Structures are given as structure tokens and as C-alpha cells.
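4 protein chains.
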Amino acid sequence: MIPRYTRPEMASIWEPQTRFKIWFEIEAHAADALAELGTIPKDAAKTIWAKAKDATFNVERIDEIERETKHDVIAFLTHLAEIVGPEARFVHQGMTSSDVLDTCLNVQLTRCADILIADIDRLLAALKTRAFEHKMTPTIGRSHGIHAEPVTFGLKLAYAYAEFTRNRERLVAARKEVATCAISGAVGTFAQIDPRVEEHVAKAMGLVPEPISTQVIPRDRHAMFFATLGVIASSMERLAVEIRHMQRTEVLEAEEFFSEGQKGSSAMPHKRNPVLTENITGLARMVRAYVTPALENVVLWHERDISHSSAERMFGPDATVTLDFALNRMAGVIEKLLVYPANMQKNLDRLGGLVHSQRVLIALTQKGASREDSYKLVQRNAMPVWRGEGDFQTLLKNDPEVKKYLTDDEISEKFDLGYHLKHVDTIFKRVFGAS
Amino acid sequence: MIPRYTRPEMASIWEPQTRFKIWFEIEAHAADALAELGTIPKDAAKTIWAKAKDATFNVERIDEIERETKHDVIAFLTHLAEIVGPEARFVHQGMTSSDVLDTCLNVQLTRCADILIADIDRLLAALKTRAFEHKMTPTIGRSHGIHAEPVTFGLKLAYAYAEFTRNRERLVAARKEVATCAISGAVGTFAQIDPRVEEHVAKAMGLVPEPISTQVIPRDRHAMFFATLGVIASSMERLAVEIRHMQRTEVLEAEEFFSEGQKGSSAMPHKRNPVLTENITGLARMVRAYVTPALENVVLWHERDISHSSAERMFGPDATVTLDFALNRMAGVIEKLLVYPANMQKNLDRLGGLVHSQRVLIALTQKGASREDSYKLVQRNAMPVWRGEGDFQTLLKNDPEVKKYLTDDEISEKFDLGYHLKHVDTIFKRVFGAS
Amino acid sequence: MIPRYTRPEMASIWEPQTRFKIWFEIEAHAADALAELGTIPKDAAKTIWAKAKDATFNVERIDEIERETKHDVIAFLTHLAEIVGPEARFVHQGMTSSDVLDTCLNVQLTRCADILIADIDRLLAALKTRAFEHKMTPTIGRSHGIHAEPVTFGLKLAYAYAEFTRNRERLVAARKEVATCAISGAVGTFAQIDPRVEEHVAKAMGLVPEPISTQVIPRDRHAMFFATLGVIASSMERLAVEIRHMQRTEVLEAEEFFSEGQKGSSAMPHKRNPVLTENITGLARMVRAYVTPALENVVLWHERDISHSSAERMFGPDATVTLDFALNRMAGVIEKLLVYPANMQKNLDRLGGLVHSQRVLIALTQKGASREDSYKLVQRNAMPVWRGEGDFQTLLKNDPEVKKYLTDDEISEKFDLGYHLKHVDTIFKRVFGAS
Amino acid sequence: MIPRYTRPEMASIWEPQTRFKIWFEIEAHAADALAELGTIPKDAAKTIWAKAKDATFNVERIDEIERETKHDVIAFLTHLAEIVGPEARFVHQGMTSSDVLDTCLNVQLTRCADILIADIDRLLAALKTRAFEHKMTPTIGRSHGIHAEPVTFGLKLAYAYAEFTRNRERLVAARKEVATCAISGAVGTFAQIDPRVEEHVAKAMGLVPEPISTQVIPRDRHAMFFATLGVIASSMERLAVEIRHMQRTEVLEAEEFFSEGQKGSSAMPHKRNPVLTENITGLARMVRAYVTPALENVVLWHERDISHSSAERMFGPDATVTLDFALNRMAGVIEKLLVYPANMQKNLDRLGGLVHSQRVLIALTQKGASREDSYKLVQRNAMPVWRGEGDFQTLLKNDPEVKKYLTDDEISEKFDLGYHLKHVDTIFKRVFGAS
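Protein chains in written order, with UniProt numbering: chain A, 1 to 435; chain X, 1 to 435; chain Y, 1 to 435; chain F, 1 to 435.
Each hint should be verified, as a subset may be incorrect.
[Said to hold, decoys possible] In silico SDA-like cross-links for lysine to any residue, where the CA-CA straight-line distance does not exceed 20 angstroms:
1) X/Lys46 to X/Arg166
2) X/Lys271 to F/Ser97
3) A/Lys376 to X/Thr69
4) A/Lys176 to A/Ala204
5) F/Lys429 to Y/Pro195
6) A/Lys70 to Y/Val275
7) Y/Lys422 to F/Asp194
8) Y/Lys70 to A/Arg329
9) Y/Lys346 to X/Lys376
10) A/Lys176 to X/Thr165
11) F/Lys346 to A/Ile62
12) Y/Lys346 to X/Ala363
13) X/Lys176 to X/Met136
14) F/Lys271 to A/Arg387
15) F/Lys346 to A/Arg350
16) F/Lys21 to F/Asn58
17) A/Lys271 to A/Phe257
18) X/Lys70 to F/Arg4
19) A/Lys21 to A/Ile62
20) Y/Lys70 to A/Glu255
21) X/Lys429 to X/Arg166
22) Y/Lys376 to F/Asp194
23) F/Lys128 to Y/Pro211
24) Y/Lys21 to Y/Asp72
25) Y/Lys176 to F/Arg168
26) A/Lys51 to A/Ile62
27) F/Lys271 to A/Glu389
28) X/Lys376 to Y/Pro269
29) A/Lys21 to A/Ile115
Derived by calculation from the structure, the hints in this document are not laboratory data.
Bear in mind the structure is a predicted one, so any value in this text is a computation, not a measurement.
The shape of chain A in the complex, shown without the other chains (with noise of 0.2 angstroms):
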């Protein structure tokens, strides 16, 4: 999480401002319950919500505090007392540090799962209307980097939708995962705490209850978020090298929005660089690496050890930081894609039509020529095409051999690129429903 990859709206979930006041809420909330129960007078919860609802908690006050007492809960709670005043006696009762902790950083990351969603719906409106626009825009489709059959620009955009149509409802599931709160005392056993109080306060703050708990929630549900996080960011990175790959010199059927302001573009045209997928690309690598320390995470020991905590401080606002900066980076590159259809067309006609090809096998054998033949007749007037040295449909037309089993007509039909996008309606439809 450094300034550069960082926006302000994520960065604030992670503000020691935003955690105290969760802290406050949470443990307000349980100040409810516990004078529902009877266990805390009714005045206590009322004044405790009036003096601190509103307040801006002190951060320098008390990070002094914590200083002093080493404990980051106690020295919030001092803090919270000169607010509240006598009344801070009734806060926090029966209560552990990892129950605010724990359900605080809960909050947190659904807050920022709900970011994240935005930034993939963002991202999917801008891959949308895009390839609706491109649907019908064609271009070689490539295996192995290698011009292989047609497709449509419009299809590129269509994978990448619903991939980040199934990263949605992952991070959906992984959102789910973490809403749980736990109010459960020192060992979970809810010792010193009616478990209505957790019921109480994970309704008020979004969450269920966690069904068992041992002074920490259970770090499986972590891992699998950052899990989760781990795939949308290398989803993310195969769009970015896609396009990285479309802007290449050679190939530049697509590019980056450039400014006209932005500097020497103009004395050297071509130095146009895919800086910001480029840079999407090493994001992604980051988000990846902190899936295995929320792994290792999970293998806490007995009812809990700390080690997790100083490995979360650090990848809790990294992981969800930099996803969301790139993952609108990546937006903002779709929404302004400068989309070279001539140069799409101009890549497609490169190898003289040798790309259809097959068809033209297939229809030999077809037509009764022997799969012997069929072969050495296409191989006879590719060669050339190869070399440079001619086209290949025109070849095909000019071959005595090939005349016998096919017309020039049934030639032409072969080099059709409308036979390759017959059922682009299809899986435009399977990909963005009926519209």
C-alpha cells in the first residue's frame, strides 16, 4: 500500500479513524445488548452512544496511550473513557480484544469487498459496451501466439466479461466468507458474555455470528478471501497482457489512451508503451503473493496464537489497496481502448489466407478427393503463399487439380469470414443474456 497505487476510498476503510470508529460501534452495540440483558444499566448504553457517537477519536492520543500500555484495544478504551466519562465503566464488559478486533477487521473487508464489486461492475459495464461495439470487428483469433481462425474483437472483450463475471460472484462468496462477528470472550466459550450479545451486534453491523469461535474468528475464512483476491488479480493480469500484446509494434490492433499533451508522442509516434498494463501486471503479481501468508495464517495454535496479526496489518490493506487501484486502472484502459480495426484486418489478410486453409482441406475430402491428395494439393499452392509468393486463394483458383473437385465459387466460399462468426450471436448471447 504505497501512495502511488492507492485510492482514497479504500485507503480510508484502513484510516485508524474508520477502525475506531467501528471499534466504538461494535462495542456500543454490545453496550445494547448487555442493558437489554440486564447486565448493564439502560442510562449506561443511551449515554455511551451520546457522548461518543460523533466524536473523532484521537489517533495521536491514543497511539500514546498505547505506547505506554502496549495494548492497542486498552489504550482505545481509555481514550473512549475521557468521551464517555463515568459511563465507560459498562463498556467493553466481559468482553476480549480479539471480539472488537476480530469483528473489526470483518467489517473492514466487506466494506472493502463492497468496493471491490463496484470496481468489477465498473470494469464488466466498460468490457460491455466495448464488445458490443467490436462484436462484429474481426480479427485473428491465435493459439500459441500463432495465427490460428478468425474472431471478433468483440469476443476478446466477451472472454475477459465473463471471466469477471465468475471473479463477481467468487468475491460475492468470499464476501460471505468474512461477514461474521464474534463476541465470544477469551476462549470463545462465552464465559463472561451471553451469546446474545454477539447475535445483537453482528445483526447491527452486517454480519452473522461466527458459529464457534475461540477468541479468534478462524483464518480459513481469510485465506479463502485473499484466495479469491489471488484469482481475480491473475484474471486481471490476462487482460492486461493481452492487451500489452495487441499495443506490440508488430502487431498494434489496439492501444493504451494517450493524451495528445503527453510528452515526445508525436516525434516518435510509435513510442507508445502499454505502461499501465504493464504496470496492472505487476499489481497482480503483488496480490498473488499474499495469498500464501493468508494460507499459512490458518495453522494458528490451540485457541490462538498472534502470528497472523502482524502478517494481516500488512497484507489485509496491500492485498484490497492494490487490487482495487488496478483493478479501475484496468476499467479506465478499456473504457478509452483505441481499437485499430484496419490494423485487425490488415494482421488477418497478413499470410495471403493460408489462415483458412483447413477449410479448403476439408472441403477436397469432401468432395472426394482422397486425404492424400486433398493434402498435397493444399501443401502445393500454400508453399508459395509461404514464401511470399502470391495469394492463396488465388493459387487455389489457378490449380487444374483443385478445379476438378471444387469451383471458384465454392473457392470463395472457403475464405468467407462470415463462416467463422455464424454463432457469434450465440455466445454473445450465452455470455451478456438475451438483450
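Dock chains X, Y and F against the given chain A, drawing on the hints supplied.
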């Protein structure tokens, strides 16, 4: 995937014979659909099934052909033609190798998922049985490896039960991720094959059609699948580490089952090592290790490159076989775990009642002692106990200052385990449901 | 890199001011070389140094320019021109941004390495002092967490000393990996700049020229650097886990230092948590996590792509700052570690002498008892001990069958700790050298 | 480790027969030392060698015994006794299984390292030969996938050569890391065995004594070893990706060798896929994946736990066998790489000379044009070229404004490739040494 850590059922999914069987079924179902569409003769489809349905494919023969053609699917089709005869020319019409390969991989992975779900079910059953057996067996709860407050051994198993319930759900979701079929041709446009063939094959193989594929089925699906295995492996390691801790000489609250015949047991009765759970710990590291290449595999170039394939050929079997083996070993460990309630009690009593100091402290303040005085009173009785000079409860009862606030009965009550276990029922209901 | 886990000395290496200072030095040294070669006026080089040598660069101003130009090096050079005046036009002649950026990164990493080496030296010193202090403090050696045979606490620290001696050597090698300089132009051909400039700058900055660069310094060097940090982090975690184990309530052979003032210590004297080593455990996970993106960064496209940059901007500071913080914390833990030899002895004696059973077994066979009989004799005296009914040595001395083979003195000798510790001196000499 | 990606030489290191042979040698050398020290009869040591030196161990028999004893070393020793006879009782005296296992593992790893060094040497030789062959073959250098300035194809291979020279050094260092021997007993104290036995065995097996061991050889050594393999794999992937890029249809500057017989080549002459380098890319992901479990293995509990073992049994063979296979495949790719200098030239010329625009810009300023005017002049001649309307050099020569500053000869000189290649010799000397 080494024999030592392999169970035959899971291994058989990855055997060549199984793979060829699945390939055949995909091809034969596709032939059915092609026949239905009138693309190939109906009799041809029937003959294909009739001739090869019960065939054992000659793996060596296929290998031999592959060495020549350097292409595994062509080698298989050549061999299939040797079995089917002339109608073999109607096999694989309009299809691409990846149509067969990727659909087959997904069939294999869903079968793996089914076995892994059964593994988890076995583990869940063991955890539940043992949890109810020890629902009320008191044991010390530990945070940071330090005694905290009492829990029960049943609760410890209930944590694991809840965690593996989540893992089961994740695995069901992961299975769904990979339960797709693609029969869409060289770049996924269905240029040479009707989408209805894909629909038919999908249904016949227990899959759903991949909405949009690009010769290959997108690898974000597989990334999610293997990431899920990594989470499950980490949960498994957590449980393994718990048992390793409990078996430590100084703790000895439980032990892996040790058959009477096992060498050396009685001359060195202490030297029973938790080798199964240590073994599982190491295997968990491996399953986790496969997550990263699965994530990297997502980033294929354009419509596909084949870099994912070599990695998958390794980690596909390795991850599933290893997790299957380890889950079963884990289930066996739990089923036969030797549990020592007396040692649990001994450890609980080890600190002469100091684990109850917090309750005493709270009681004193509730009875009117100032927080400072309460602390002092607890402290001056705790320190001798810590030095091994007496029992906390007795000392408190003999302290005249304490007596001012608390009667003997009140003090005794603070040492009551029941206080800590009063919500075990509630928690069990949350975890196992009302029974 | 979060303030909580950051030491100022290491953080300062990554501050903008430091970076700009290094950039300036690279540019100024390059100007010297260019002047020497006659490419620019000698006076210009002098003026550059004179005007900017002691300058404080205005980070905000540079950021402002960067927001406009979207190029960090150009922003810096613009600001530098504001400081240097007209001679600034001789700065950066024939150079590429990466010449400055990559050489600077390597200067930063070598400085990080120097601090990390000092960190390890501090840790080594602490380990050595405490190792000699406890060279002959007996404690039980454990395999699988189970009592095995006696060692000394000094040996435990000597293991760590030997391991960190290796880590020191690895770090020195890793430092050498990244101590290179490249001033080679847009694609590394020195088209616009004489290789002698690179040689001069390298020497002046304490580096060696990169034999062949491609605009960027190859990232296998950095991969090796960060992989080495990952190994060191893992060693650190091993030591941290050892202490966490020793501090467990049931073991309590050592404790992290606990200041008298630290809250709650004496009312719950048992509740001293090994939070520092748990914290280090988590931080080790993070340092390890950065290894994978560093490895992925090696795979740049052609002469360079910039995907490595965003990842490095994050993990460069994160890995070095975190490891520095953790190593220092670790050194502090060792320096002030509370060691409890009496508890070590108590644990050693815990099994009533059973840890010596193997020596008794061997002695019996050496005295002529058959292997089978020896085993039976040991077993029948071991089992009561294991059930808590007696002391192994006493039982053996009272067993008439055993008496046939071994005298009381011979039996006593088998329980002599000295037998196990006779080579401690040899091992210490191997580890610490003859002293 | 699957047959498809396995070379027999490397695989044989990991075969049971090899392992048993090494175990025997360790035991027999230890017997020699014990005999020399007078612990066992000299004749016994001789007999051990005489009887078993040339024995083929019966792997099935050993497996059979292991199934019973659940202990691999005991199973081996039992079988060895069947071969050696009564003197077998002098084998393994005072030793621990790990003495044999860990020393054997290190023997295996050093042998692996030797093969991998030979692999790198083969690759280096291929790179050198091809580099000199194409030392002066011009090709475009690319940053961000975009044309930058000219380099030579020889330089590209020289980058890789320099990188693998570093990898060779790293591997030599990694080999040294694991070239240690431990014969130190149950907890490493030499309680039952003289340190001189370790010294003797170490020397005899080509190792050095581990200064301090703890039943096991510390795993930071192995972590460093496998981390180094991860770095080498990443370098290999970089080279593989370079070739994949060059083989792209639009680039086609080089191709993996394609045997004439390979199916389908001439009917679709464009469809030559870089499958070998794609395959290597995937294998690199696997070798990299093993780094993390090797790092996690460092963190053993106390004197040892056995969690490392299951992981090592998998990644030990997997990492070494896979890297060996991939390096050899890579060497073969380089040795037989089809290089297309004409296409390189075509790509170089692709932008109508625009890659030289920066040199023209500098020349104009050096001849007195203001920076602003120079820029404008370059720009107005660059833009038509970019639109495909003319050649940059011709346009410049026809621009009367440009003529004011530069003669035709001066302009021509700016398009001279020699300018960019003048230091190739220097670089080659740095990389390959003076030849």
C-alpha cells in the same frame, strides 16, 4: 504424486486408461449429437459406441503412435480407428484436440472433487463422533500457548468440524467451477461444429457448457479449484498441529493411535511420535504450493498458449492425490485418537487455580473493592502460587482482606468449571444443529 | 512497510529525499566522466556538483512536475535544472531514465544489505553471549515434540548461531548480486554513451559495471536477493518458534523479557505471552511472500518491460524494512531472554529417567544379555515409571535380573548427563571457532 | 516428476536402488571409522564391504520389511543383515536413522547439482555458439514490446549467456550449501558416536561435516538450494518467453526447430507453434512453486520434527528432475533454433526509419536548432511515416528547414546501424571474455 502418499481410488482417475475412456466417451457422445444433427450417419455413431464402449485401450500402442506423431489426441484417434474400423472417420469431426482434453480434465477434476468431498465427510463424521464423546471433557484453552480459560475437548473438535463444514461447501463450489464442457473448435467460435454438440456432450458427461471458450476452457476456473484445495490443506494442517501440540511430552493430552506391536513402544513408552500429523503437515505444504502455478496458469496468451499444460500435468494429479491421502490419514488419526482426560485435568490444575484469577478479580470489584485494591489482593495470593507455594483457592480463603468481600462459597464458585462450560450446548447446537 | 514494523534507519533508504540524492550523485558522477571524455565542458561538471551537492531536493515540487509530465526522472531533472541553472543542460546526456533508476535501486539494496548484515551481527553477538552463558545448562532435546536425549540450552543457541552465520554469508553474496551499475542507454548498446562513463559511475558509487544490460539491470539478480531474504526470514521463524515452544505453560524453560510495569503481569503471573516471537513469525511469512513476485519479475519481455517496477516499488521497501525490524526484534528477544535452568532440569527429570532407557538397553546387551532379554528387562522397569509409579534408576537397581548384568555404579553411570554433554566443547569449537 | 518430463540420468538418482547403495556406503564407511577407533572389529568392517559392496539390494524385500516395521532404515538394515551375515550387528552402531537419511539426501542433491551444472554448461555452450554466429545480425531492440533502438541477435543471446553464467555460479554455491554430512546421533550430541566417524564418512562421501546438527541437517541449507533452482527456472522462462515472442506470426524472427516429418507443417506452413518453449514456461512455474515449501520446511520444532520429510520426498525429485528436463529442452531449442535475419531486418525497417528519430532530434539541436524547433521538424516528418506515407530519411532530406541544419550525408549517418553496434565488441568481451 508418489506411491507412498497415494490412494488407488484417486490415482486411478489420473491413469491413462481412465483418460482414454473419458476421451472416448466425449467423442462418442459428440458423434451422437452429430448424427442427430445429420452431420454424420446415425449408424456410424452407433457403431462407434458398439465397437469401443467396452474396449480396453492399448496404452503402449497409443504411446508408440504418439512418439511418432508427437500428438497425444491424434495417437488416441489412430488407435481408436484400429478398434472401430472405417466408421472411425466420423469421429472427432469439426473438433479440436482441446475440446477433448479440456473437457476430459474437467471430468477428472469433478471426480476428484467427489472423492475429496467423501474424504471430508469421513473426517466430519469422525470429528462429530469424538466431539460428542468429549463434549464435556474439560481441558485448558490456550492463547499464545499459555493457559487461558477452560474449554472442553469436544469444543476443540467442534472448531475443526465447523471449519471442515466450510471446507466442504467450498469444495462443492470449486467442483461447480470446473464442471464445464467445451466443444467449440480451434478458437472457440464453433466455426466447424454446431453449439448443440457441446450442449449434448456436456449433459451426457454431467457438465454444463462453458459459455465462452477460446480453444481452451479458461484457467481462472482451475485456479479457483486449486486455491480451494490450498485452503483445505491449511485447515488440515491446523488440526494436525493441534494434535502435535497435544502429544508433546509435557502436555500429553492426546496421542495418535499406536498399535501394540509397533516396535520399541514399551521400552521407551514416552517415545510415541506424532508422525502421522507431522507427515500431514508436510503434505499440506505441498498442496498449498500448487496454488501459485495454478494462479500463474490463468495468464494465457491470446486465445490460448500451452504453457498451462505441463504445469497441470504435474500439479493436477499431485494436488488431488496428496490432499486425498492426507485427508484420509487425518480422518484415521481422529477416529482412533487416544484421548487422556486425566492428563487434561492435570494440566488444567497445573497452575493451582490461577486460571481463575480474572473471575476473582471481577468478583472483588463487583463486591465493592476498588479496582486497585482488587488487583493487589489477587496479586498477593497469586504470586506464591506461581512460585509453587500453595493453592490459589486456599490462599484466597485464608486472606482476611479477601474475606471482607467474598465468602468461602463465593470464592469456591469462582473456581467452578461449570461457569465456563455453561454455553457448550448452545455452541454444539450452532455447529452440529439441533439433534 | 507500516510504521508499526519499521525502523527509521532502514526506512530512510526508501525516502524520496534519499532517492533523489542518489539520482543526483549518479548524474553528477556521469557528468564527471563525460567531462573527462570531452563530451561536456569540465566546468559544467564542476558547477553541477557545486550547485547541488548539498541541496535538499523539494519533493513536493518534483511530485508536482511529475503529475504533469507523468515521468519521474524528467520531473527530477527539471527540478535539478532549477537548482543548477543553465549547466543543467549537460546533465543526463546520452543517458536513459533506467540508467538512473536501476543503478539507484542497486545502491539502495546494497545499503539495505549493509543494515541487514549489521542486524545479523547483532543477533549473532546475542546468540553467542547467551550460548556461552548456557553452554552447560542441561535441557531435554526433543524430536517430534517428544523427549529424546539431553542437550544443553547453549547448544540450542549454537544451532541458531551456526544458521545465522550461514545467513550472513548468504547475505554478503546477495549484496554482491545487486551491487552493479548500468549506464548503457535505451537498449543497453551504449549507442549514445561511452562505456567508460558506466565504469566511472560504478566505481564512484561502490558498484561494478553490469557486464550486459538491456536498458534494465537483469532481474535474476534481484530475484536472488529477495530469495535470500526469504531464507533468512525462515531461519528467523525457526528460532522464534523455538522460543514460543519454550514459553508454553507446560514447558516454561524460557520467556521473552517482561518489564515489571507491563500490565497485568502479577495478578495473572502465568499470562506472559510470547507476543514478540509470534509477531516475528507473522513477519517472516511476509518476507517469504515477496520471494515469488521477485521470481516472476525475472521474466521481462525482450529488452525490458516495466511490469517489475510496480511490484518492486512495493516489495523492495516492504521486504527489507520488515526483515530489518524483525531481526532487531529477534536480537532483542535473545539478549533479554529469561532462561529458567531449574525448569529445564525439572522437564529433564519429568520422565523419571526414562530418557536413559536406551543406554541401559545397550549396556545390558554389552554385558551379555540377549537383545530379547535386555528389552524385556528394560520394559518391565519402564512401564511402572510411565504409569507414575517410581523412578527408573531405583527400579532397575532393585531388579534382581538386572543386577546380574549391571552393578549399581554401572546403572548410575547410565543416568549421567555428562555422557551426553562430553562433546559440547567440540561442537562449540566448530561453531564459534577456537576461543 | 512424471515420465513425460523426466530424463533417466536425473531420475536414477532418486531410485530406491541408488538410495540403498548410498545408505550402504555411509554405513560401511562409518564401520571403517568405528573399526579404526576400536569400537568394532576391523574384520567386521572388511566383511561388511566385501559382502555388500557389489550387492543389488532387493527393493521389494525391503518394502516388505518396511510394511511390517513401518521404518525404512530398519527395513534396509534388516535386509543388509541378510546379505552381510552375523557381522551386520556391527553396522549402524551408535547411529540414528537420520544420520543415514540426511547424509544420503545431501549426496543425492550434490549429484543433482552436478547434472544441473552440466545442463547449464550445455546451454551456455549453445548460447555462445549462436551468439557469435549472430554477433552482428541486426535486429530491433524493444522496450514495452515497442520498437526502441537496434541491437543484434547476438546481443540477445549474450544477455542469456551472462544470466546463465550467474546461474551457474549460484548453483555451485547451492551445491556447497548441501554438501554436508551428519553422523551425530539422536539429538546431535555425538553421545553414542565419536565425531571422528562423521569426519571420516564426510570425506569418503565427498562432503564436509555439518558443524552442528540436531538429528537432522538444518533445512535452511535445502531452502537455499531449492530457492536457487527457482531463480534458475525463472531465468529459463525469460529466455523461453523471448523465443515465444520472436516466433509470433507478426514477428517471426526465429522459430523452434521443426522437423520436416512433423505433421501438418506444409499445408499450414504458418502453424508452427513454439510448443517447446511454452512447455518450458509451464515447467518453470513448477520449479518455482517448490521454493515455498522448501522455505516452510526450515521451521522445524526443537531438535527436529519430521514434517519436512513428506514434502521433500515430493519436491526433491520433482524440482531437480523437472529443471533438468527443462534445461536440456532449452539447450536443444537454442542449438537448433531457426533464425531469420531477413525478417529481423524487415521488422527493423518496418517503421520507415522512425527508430532513428531521436538521433535526428539530437543532431538538430547540436547544429543549433532550438529544442522546440528541432522537435517540430522531427515531428512533421515523422507523422506521415507513421501514417504509412513515406520514408523518414527521404522526407527529412526533402525538408528545406531540415536542410538548413543537416546535409544529406549527415542525415544518412543518423540512419546508420553501425552507430548502434559500435560497442558490441566491448560487450562481447565483457560477457565471453577476451577470445
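**Study point:** Pair hint A/Lys70 and Y/Val275, alpha-carbon separation not exceeding 20 angstroms
**Key:** 11 angstroms, holds
Check your understanding: Does Y/Pro269 lie within 20 angstroms of X/Lys376 when you go C-alpha to C-alpha?
Key -> Distance ~13 angstroms between X/Lys376 and Y/Pro269 Cα, so the pair holds.
Check your understanding: Does Y/Lys346 pair with X/Lys376 here, judged by a C-alpha cut-off of 20 angstroms?
Key -> Violated, at about 30 angstroms.
Check your understanding: Straight-line Cα separation of F/Lys346 and A/Arg350 no greater than 20 angstroms?
Key -> The hint holds at about 14 angstroms.
Exercise for review: Would you mind confirming whether the straight-line C-alpha gap from Y/Lys422 to F/Asp194 stays at or under 20 angstroms?
Suggested key: Holds, at roughly 10 angstroms.
Check your understanding: Between F/Lys271 and A/Glu389, is the straight-line Cα distance small enough, at 20 angstroms or below?
Key -> 18 angstroms, holds
Check your understanding: Given the hinted pair F/Lys429 and Y/Pro195, is their alpha-carbon gap at most 20 angstroms?
Key -> 12 angstroms, holds
Exercise for review: Mind checking the alpha carbons of F/Lys21 and F/Asn58 for me, to see if they're no more than 20 angstroms apart?
Suggested key: Status holds; Cα separation ~11 angstroms.
Check your understanding: Are the Cα atoms of A/Lys176 and X/Thr165 separated by 20 angstroms or less?
Key -> Holds, at about 15 angstroms.
Review point. Is the straight-line distance between the alpha-carbon of Y/Lys70 and that of A/Arg329 20 angstroms or less?
Key: Holds - the C-alpha atoms of A/Arg329 and Y/Lys70 are around 15 angstroms apart, at most 20 angstroms.
Check your understanding: Given the proposed pairing of X/Lys429 with X/Arg166, does the C-alpha separation stay at or below 20 angstroms?
Key -> 16 angstroms, holds
Review point. Given the hinted pair X/Lys46 and X/Arg166, is their alpha-carbon gap at most 20 angstroms?
Key: Violated, at about 45 angstroms.
This entry does not satisfy hints 1, 9, 11, 12, 13 and 22, going by the numbered hints stated previously.
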